[in-house]
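J.: These are the residues of each chain, in order.
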Amino acid sequence: MATTRILEWLGRFYIVLLLAFLYLPIIIMAAMSFNASPFYQLPFEWTTDWYQSLWQNDQLIAATWNSIEIAVITTLISTVLGSMASLALYRYEFRGKRLLQALLFPPIAIPWLITGTAMLIFFFGVGIGRGLIAILLGHVALALPYVIVVVSARLQTFAPELEEAARSLGANQWQVTMRVTLPWIMPGVIAGGLFAFAVSFDQFVVSYFLSTPGQTTLPVEIYAAIRKGFTPEINAVSTIIIAVSMALMLLTARFFKFGGEK
Amino acid sequence: MADQLAIASRRGLRPALPLLLPAYLWLTVAIFLPLSAMVFFSFMTDLPLAGKEWAFTLGNYAAFFSQSLYSRLLLSSLRLGLEVTLWCIVIGYPAAYVLAKVLKGRSREAIFLLVILPFWSNGLVRIFSWAMVLREGGILDTALNAVLPFKINIDLMYSYPAVIIGLVHSYVPYMVLTCYLTLQAIDDSLIEAGRSLGASRRQVLWRVIIPLSMPGLIAGSALIFVPVVGSFMEQRILGGRTGTFYGTVIEDQFVAVFNWPLGAALSFILLAVVLIILALAAPVLRRAG
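Heads up: the protein sequence lines correspond to chains A and B, in order. Going by the numbering used here, the first sequence opens with residue 134, and the numbers climb by one from there. Going by the numbering used here, the second sequence opens with residue 351, and the numbers climb by one from there.
Treat the hints as calculated values from the structure; they're not laboratory data. You may find that some hints are simply not true.
With a straight-line Cα cutoff of 25 Å, these simulated SDA-like cross-link-like pairs (lysine to any residue) come out [unchecked claim]:
#1 B:Lys454 <-> A:Trp142
#2 B:Lys454 <-> A:Leu384
#3 B:Lys501 <-> A:Tyr173
#4 B:Lys454 <-> B:Phe469
#5 B:Lys454 <-> A:Leu140
#6 A:Lys361 <-> A:Gly347
#7 A:Lys361 <-> A:Ala164
Fair warning: this is a prediction, and the values are worked out from it, not measured in the lab.
With the rest of the complex left out, here is chain A (with noise of 0.2 Å):
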């Protein structure tokens, strides 16, 4: 059994090897936002400058500012609406459920690019044009999958019972949905919620094609940014933005098991 053993050390050993993979280049970023040379130069000297010269950078601010706004509304719309055909697919059979089951794939699956184009496309003709309405319009359709499938899962879990013993001792239809359904399911609805604004919050490609210049959001920003070239601006920006996201999906993983059962 000692091949055993060397086998598993062997095994841990190599986990070691993709964590530094998937977050070294992340760490270095980050690190870089901290050095003083604006040619990323080594050795390293401490500085916060960068960070403080992002408070003066308004284009940056106001396209933080629209990218939280975005994303608040996003989490709101299609956190409700979600949860509302999650429960109409829980609770009722009817002809072509599955149907509209399968149609939840097509926003998941479909490339970004193709959504994204095929709103720009759409939205130009029939007036609403680019900016941050054509986004939040797509933002929701984006993140509404992704809520229906949280919030499914959870109600999987939940026993119909419940839901008749409180019709049968006399509660409306309101009443247990609020009372009873609700609260347990929220663990699924607020994973569902964080999953929303990660989804909105960390969305480019489709932003990309339907923002306009002033009207934009801070991934579209940033990716300007990088393109005119690289500055230890863009490090300090985009340091602050994955640490938001990664903080965002602990906390969504707390309510939401992505392992499945152990």
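Following the hints, complete the assembly by docking chain B onto the known chain A.
T.: For chain B alone, kept in the frame of chain A given last:
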């Protein structure tokens, strides 16, 4: 009997409709109508906006089939998708195995979360972080020159390998996730049975473990291959001059040369390719999902 009555009372689309309608209406307006509009526009000479002349045409598709440039770029994007998927299998599958079968309890939970975490953080920023590592005078260059006795120049930035590295970094957590889910469902006693019946480790791997985890491998491959074929941002940032792919050409039609109908046709051809791949993978995806 009571159960059947309860279910019977929930039959029918009518009571479900008010709950379903808002979400599906939104999806229709923002996803399904746009995709249909894209197909429609791809058969036009110009956008039917105020004052512009337009007519129906097959010219945009003729452009794809007559100019070998587009089909060549589609092929190179498909090749890129294949290479990235293979690297993700090679790197991700062993990691998924260790997570599912070697690590136990809390450490497994924590490391699993660590592997999945980057996948849900900003993709654009993660691609940018590779620019810090790969450029000349970057970290990789400096580190290797500090260790090695001879002088070498590592400048992977703006090259094909840089694009591959960036994309594998972006998508490998997906492969770990899908393979982990199928691997942890394999009963350990099956592996032990194989071993005690005299099979070598390698035989158990190829005859038991890999066949049983095939759904995870296929699901992961589809979920990686499809977005990679439609990627453009990664090539723009890490690929430089070598970074012209099918996705970047579509991007150009919409943001640089403003030939939207051609862009729509190219997008639709990509959509057709993607749908064929997803349809082939769908039975497996459904079982795995």
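J.: Hint by hint, work out which the structure violates, then give me just those numbers in ascending order.
T.: Failing hints: none at all.
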